[in-house]
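Given the sequences, and given the hints that come with them, work out the whole structure.
As you go down the protein sequences, you meet chains A and B in turn.
Count along the first sequence from 1, add 143, and you get the number used in the numbering used here.
Count along the second sequence from 1, add 81, and you get the number used in the numbering used here.
The set of hints was computed from the structure by calculation and includes no laboratory data.
A few of these clues could be false.
Said to hold, decoys possible - Pairs of lysine-lysine, DSSO-like flavour, derived with a Cα cap of 30 Å: (1) A/K532 <-> A/K517; (2) A/K517 <-> A/K621; (3) A/K517 <-> B/K179; (4) B/K179 <-> A/K259.
As the list claims (entries may be wrong) - Which chain A residues stay away from chain B? Per the calculated CB distances, all over 12 Å, these: (5) T305; (6) G430; (7) V441; (8) V619; (9) K621.
C-beta: ideal position from N, C-alpha, C; glycine also.
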Amino acid sequence: MNLEVFKVFAESNIWSALWVEIALVLLALGLLVLELVLPANAKRTIPSVAIAGQIILLVLASIQLIQMPDDCSGMYFSQMILQTPQSAIMRIFFLLGGIFVSYLGTVYLARRELPKMEFFHIVLVVTAAFMILVQSHHFVVFFVALETLTIGFYVLVAYCRTSSASLEAGLKFLILGGFSSAMLLFGIVLLYGVAGNPLLPGYSTDSMNFSNLATFITQNPTNPLVLGGAVLVLVGMAFKIGVVPFQIWVPDVYQGAPTPVTAFLAVCSKAAGFIVIINLLNGPFLGLSDVFIPLLAVVAGLTILFGNIAPLSQRNVKRVMGLSGVAHAGYLLAGVVAILCGSAIAHGAIIFYLFTYLLGSFAVFAVMAHVSQKEDEIQEIDHYENFAKHNPFLALALVCGLGSLAGIPPLAGFIGKLILFIAIFKAGLYTLLGIAILGVVISIYYYFGWIREAFFHIYAIGERGTTDDREQLVDVLKPTPMHALAIGVLVTGILVLGFYQGGLIDRLFYML
Amino acid sequence: MTLHSVILVAGILFITGFLGVLLRRNTLIVLMSVELMLNAVNLAFVGFSRYNNTMDGAVFVFFIITVAAAEVAVGLAILVALFRRRQTVMLDTINQLKD
Numbered sequence: 144m145n146l147e148v149f150k151v152f153a154e155s156n157i158w159s160a161l162w163v164e165i166a167l168v169l170l171a172l173g174l175l176v177l178e179l180v181l182p183a184n185a186k187r188t189i190p191s192v193a194i195a196g197q198i199i200l201l202v203l204a205s206i207q208l209i210q211m212p213d214d215c216s217g218m219y220f221s222q223m224i225l226q227t228p229q230s231a232i233m234r235i236f237f238l239l240g241g242i243f244v245s246y247l248g249t250v251y252l253a254r255r256e257l258p259k260m261e262f263f264h265i266v267l268v269v270t271a272a273f274m275i276l277v278q279s280h281h282f283v284v285f286f287v288a289l290e291t292l293t294i295g296f297y298v299l300v301a302y303c304r305t306s307s308a309s310l311e312a313g314l315k316f317l318i319l320g321g322f323s324s325a326m327l328l329f330g331i332v333l334l335y336g337v338a339g340n341p342l343l344p345g346y347s348t349d350s351m352n353f354s355n356l357a358t359f360i361t362q363n364p365t366n367p368l369v370l371g372g373a374v375l376v377l378v379g380m381a382f383k384i385g386v387v388p389f390q391i392w393v394p395d396v397y398q399g400a401p402t403p404v405t406a407f408l409a410v411c412s413k414a415a416g417f418i419v420i421i422n423l424l425n426g427p428f429l430g431l432s433d434v435f436i437p438l439l440a441v442v443a444g445l446t447i448l449f450g451n452i453a454p455l456s457q458r459n460v461k462r463v464m465g466l467s468g469v470a471h472a473g474y475l476l477a478g479v480v481a482i483l484c485g486s487a488i489a490h491g492a493i494i495f496y497l498f499t500y501l502l503g504s505f506a507v508f509a510v511m512a513h514v515s516q517k518e519d520e521i522q523e524i525d526h527y528e529n530f531a532k533h534n535p536f537l538a539l540a541l542v543c544g545l546g547s548l549a550g551i552p553p554l555a556g557f558i559g560k561l562i563l564f565i566a567i568f569k570a571g572l573y574t575l576l577g578i579a580i581l582g583v584v585i586s587i588y589y590y591f592g593w594i595r596e597a598f599f600h601i602y603a604i605g606e607r608g609t610t611d612d613r614e615q616l617v618d619v620l621k622p623t624p625m626h627a628l629a630i631g632v633l634v635t636g637i638l639v640l641g642f643y644q645g646g647l648i649d650r651l652f653y654m655l
Numbered sequence: 082m083t084l085h086s087v088i089l090v091a092g093i094l095f096i097t098g099f100l101g102v103l104l105r106r107n108t109l110i111v112l113m114s115v116e117l118m119l120n121a122v123n124l125a126f127v128g129f130s131r132y133n134n135t136m137d138g139a140v141f142v143f144f145i146i147t148v149a150a151a152e153v154a155v156g157l158a159i160l161v162a163l164f165r166r167r168q169t170v171m172l173d174t175i176n177q178l179k180d
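Encoded structure:
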């Protein structure tokens, strides 16, 4: 037995490169231990431990990002992990997402008789899986990371096991998730099989590696198995990010899932999906750009139109958020097409847009978590009647969040949309840009309908009574000082990024 | 046994599973169809692995089996919990969430 081979493999296993992910998983395991050893009255500190641990990791990862040299890309673990400036930035993104989801989890679980610690445990593991996913450079790591987070999400969506809506959402998500994973896998097997075929030019013995696959595909761009495999992989990813025509699960799952999980799905899952699609299209599938540019442009246009027209008739705010999330996926997909068309700033624009989307979405979901009643799936726009009068602080967060999602200046979402649209314009995709701007105009209708319900008195006729000072319809959870701090951070982020981006955008464009 | 016959069988299995997910209304059968699709992928991996003379595909099969087992464990747990509340596993009747 030749041990030298193993020595060569082991030399590239630099575990310190994955220190954030390892620390997150250790923290998750630590929570399990704490649940066992702590006395019953001390167990309520577990969520604080989870959030504090993530904040420490966020600070450390930010320091590492700031001090990072410009040329810091590296391949580890026998070329299975590729670390780039993008993966370092996305670590910050997912840590922020994990922190805010944990915070929403404390709000959500405060009102319900549910197991508490498991929620934070799964959120931490899924956050680590997101980070591995965006660094993967090999289909084995890619698949394992993707399934770790998908199965974590099945559990999280069905977390409220006393609610049949949550269970139903979990079941729907599981069936469609398994279905899309199977298609993704069939695509992978076709690519693996054809790229390892010794009879074809450019074949490789490690054909699941993205670099080898890229070499192979540029030499055989018209092979039917290559095309079929690439399309199946993209279909599998399209299911995960919910673009037309694979968006059917989005409204139901978003409505049934607990509010923090809806936020997690809407923000982090979508972001990870897009980074993976960029990695794939910009890496292995670069040789197929001629096929994918028109295909993705049509899909992006349809997604924007669907995502903005479908919420117009909705009264349930979780469905509105889900469907408008489809529209945001459409804008981002248009940005991906711009990358393929050679726009230099599109990549940075997508990452910046994702950050503004994170801030805006979490501000809105934070308000929703406070308004949510015992039946979490029933969150109607009517619940926001007289909202601003009784909860001015939450109403401010709602306006900033919705305004940012709609893209109203001077909020962060406006700058995000502006840069993304400039990128699309520079790529010469004028029709797509027109559709996107039309979509933004339509989206203002439903976002502002929600704000109107919260701020302006609507003279209801008949059974609801017409006195001006009537009480709110639902009982809103008052934010504790810590919750107010978290919402304050989100609102400040939205306002600051809207007025002043500093060198942030330049740095982003420079790094990517 | 040529590569073509292996891939043909895998393709037929995959399409059977695909149609099963789309057409059947019993949740258990739908879950079984998803498993059938995953196993079609396993068969194709083994076939390609043998033909290409690389071990990656054969190793990947173990990951797929593990993931499929985890998925079924979560799926059946959700299904049992749902059955306790609704006394049904038919997809037609599991339609509380809709427009």
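Evaluated hints:
Our distance criterion of 30 Å between C-alpha atoms is met by A/K532 and A/K517, whose separation comes to about 23 Å. A distance of roughly 15 Å separates the Cα atoms of A/K517 and A/K621; the hinted pair therefore holds under the 30 Å criterion. Only pairs whose Cα atoms come within 30 Å are accepted, and A/K517 paired with B/K179 is accepted, the gap being roughly 19 Å. For a cut-off of 30 Å, the pair hint linking B/K179 to A/K259 stands: about 29 Å separates their Cα positions.
A beta-carbon of chain B comes within 12 Å of the beta-carbon of A/T305; the shortest separation is about 8 Å. The claim that A/G430 lies off the interface holds: its Cβ sits roughly 20 Å from the closest Cβ of chain B, which is beyond the 12 Å cut-off. The claim that A/V441 is not at the interface with chain B holds, since no C-beta of that chain comes within 12 Å of its own (minimum 23 Å). Distance check on A/V619: its Cβ is at least 24 Å (rounded) from any Cβ of chain B, clearing the 12 Å threshold; non-interface status holds.
With a least CB separation of 30 Å from chain B, A/K621 remains clear of the 12 Å interface cut-off, as annotated.
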